Amino acid sequence: MAPNNNSRFQIILLILVLTKFALSYASVHPAYEFQRDEYLYLDEANHLAWGFLEVPPALSIQAWITKALGNHWYLVRFWPAIFGALTMWVIGLTVKRLQGSWFALALAGVGFLASAYLRINILFQPNALEFLCWTVYFYLLISYIQHPKNKYLYLLGFFVGVGLLNKYSVIFFLAAALPVIAISRYRFMFLKPAFYLALLIGTVVFLPNLIWQWQHQFPFFQHMQELKATQLDLVKPSDFLVDQLLLNLPAAFVWIAGLIALFLAQWTKPYRAIGWIYLVVIGIFLILHGKSYYALGLYPVLMAFGGITWERVLINKHLPYLRPLLLVLPSFLVAPLIPMLLPVLSPEATTRYCQKFKATGVLRWEDGQDHLLPQDYADMLGWEEMATLVRKAYAQIPAAERAETIIWCDNYGEAGAVNYYNAKYQLPRAHSTNASYSLWSPARVNPKIVILVSDEAPTDLLPHFKSAQIVGRLNNPLYRESETQVSILREPDQALLQYWNAEITAERRKFGIE
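Numbers 169 to 682, taken from the numbering used here, label the letters of the sequence shown in order.
Because the hints were derived from the structure by calculation, they are not lab data.
As a list, the in silico DSBU-like pairs of lysine-lysine whose alpha-carbon atoms are at most 35 Å apart:
#, residue 1, residue 2
1, K317, K360
2, K437, K360
3, K235, K616
4, K404, K678
5, K678, K592
6, K319, K360
7, K264, K319
8, K404, K524
9, K319, K437
10, K678, K235
11, K317, K437
12, K264, K360
13, K404, K459
14, K459, K678
15, K524, K459
16, K634, K616
17, K592, K560
18, K592, K616
19, K616, K678
20, K437, K459
21, K616, K560
22, K235, K560
23, K264, K459
Computed beta-carbon distance windows for the label pairs:
#, residue 1, residue 2, range
24, N643, P488, 57 to 63 Å
25, F500, K678, 48 to 54 Å
26, K524, K592, 38 to 44 Å
27, I183, F525, 26 to 32 Å
28, L664, K592, 31 to 37 Å
29, P566, S650, 27 to 33 Å
30, A563, E671, 27 to 33 Å
31, L378, F525, 39 to 45 Å
Just so you know, these numbers come straight off a predicted model, no measurement behind them. Ideal Cβ positions, reconstructed from N, Cα and C, are used throughout, including at glycine.
Take the sequences, apply the hints, and build the full model.
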């Protein structure tokens with residue numbers, strides 16, 4: 169790469185990285201709050217451990233740092249923003265390592281900007297770091313193919329360990345990569361001591377979480393069973409395949425070109441294994457009914473290959489005038505999809521807009537039914553209003569009775585949101601037996617007053633309390649928590665307390681906690 173071209177390459181990469189970072193802050197309408205899962209992950213800061221029922225510990229460390237710095241929304245958004253920007257940077261490194269020029273970088277970068285990562289990189293969830301890790305794995309694999317140096321294996325082992333501390337989906341990468349490499353020209357890797365040292369490095373990094381899983385009777389498997397029964401079994405393989413196209417539709421001509429080139433082009437012959445890893449991972453997700461976005465870690469590297477493929481085609485066919493067209497095409501294609509990829513419009517405007525695209529499944533939730541808003545959007549509404557109702561309920565309780573008051577929620581989203589918004593008001597922490605809150609709940613409860621947050625009226629509970637008072641109810645069909653109500657229930661009877669404590673004990677014992 170000539171000096172002037174290298175300078176242009178670096179400038180374009182910097183612009184792409186900064187643009188990716190900025191988009192995470194500039195693409196959320198102020199009407200939206202955090203998403204349901206984010207409240208759970210933020211509450212992990214108050215329960216630091218080497219693992220949780222849903223995820224390994226990486227998010228809890230991010231949450232702890234965020235809390236230490238003030239828990240402001242822009243700090244929460246920093247994590248997905250920086251991981252998205254770093255993914256863009258690794259795409260640039262991949263293009264450079266494959267001898268692509270500034271145009272290949274620009275096309276791959278614009279394709280990445282215009283795809284489903286727009287949504288991924290605004291949410292405080294493990295996916296942003298997950299897809300960064302997958303992109304790093306492919307970059308290190310390419311580096312090792314070019315120059316079989318032990319350092320690339322050691323780095324790969326380290327980042328596999330880091331990936332496992334973030335999300336267990338790394339297992340799917342390994343399940344595809346190891347057999348593909350074993351039957352490829354690079355199977356000599358398995359004869360090198362450095363390969364096994366790399367495995368040891370990854371294992372050591374991941375070991376604390378593995379020990380935690382063992383101590384808690386491997387809740388990962390229980391979580392996966394529940395996820396399979398409630399969500400994954402509803403995923404149709406045909407929908408999964410269609411979504412692979414839809415999720416990255418504006419950049420489809422980029423990544424598909426990269427995938428085709430991996431199998432047919434002469435210059436990609438050393439990297440055929442990457443194409444096979446893609447196909448094997450897709451096959452695994454089809455068999456296991458994986459959610460569509462599970463495969464998003466595969467596409468950044470394909471966009472790098474696709475950018476270089478188009479660059480070579482245009483040079484070989486003497487079609488340089490098509491460069492501007494290809495560079496603006498992803499932006500042109502993504503423009504009408506922006507309100508479905510990012511919550512840039514008000515909830516009401518988004519509802520009207522998404523109705524036009526109902527046939528694409530954008531309004532289909534995990535229950536398989538269509539609703540007014542995309543599920544992630546509906547999960548970003550109503551939480552502060554709910555927390556305010558809990559605060560209102562607590563204010564009605566005499567000071568002398570507050571020490572014997574407990575806040576109890578039906579699900580982790582409710583408990584996390586109540587704890588997040590009410591932290592500065594010194595309310596008791598909200599509890600639940602849902603998700604990781606079953607690890608954090610009191611071993612026994614014996615309250616005189618229960619502030620109950622529930623998506624159902626406590627009709628069955630009323631005979632077990634001396635009195636009941638509904639403080640307020642969410643009443644907005646755009647909320648996923650619509651109809652959730654906050655009640656004050658006084659003086660539970662012994663039968664209810666006995667049942668309640670038995671439920672808590674049974675839930676905790678499932679995870680080896682007495």
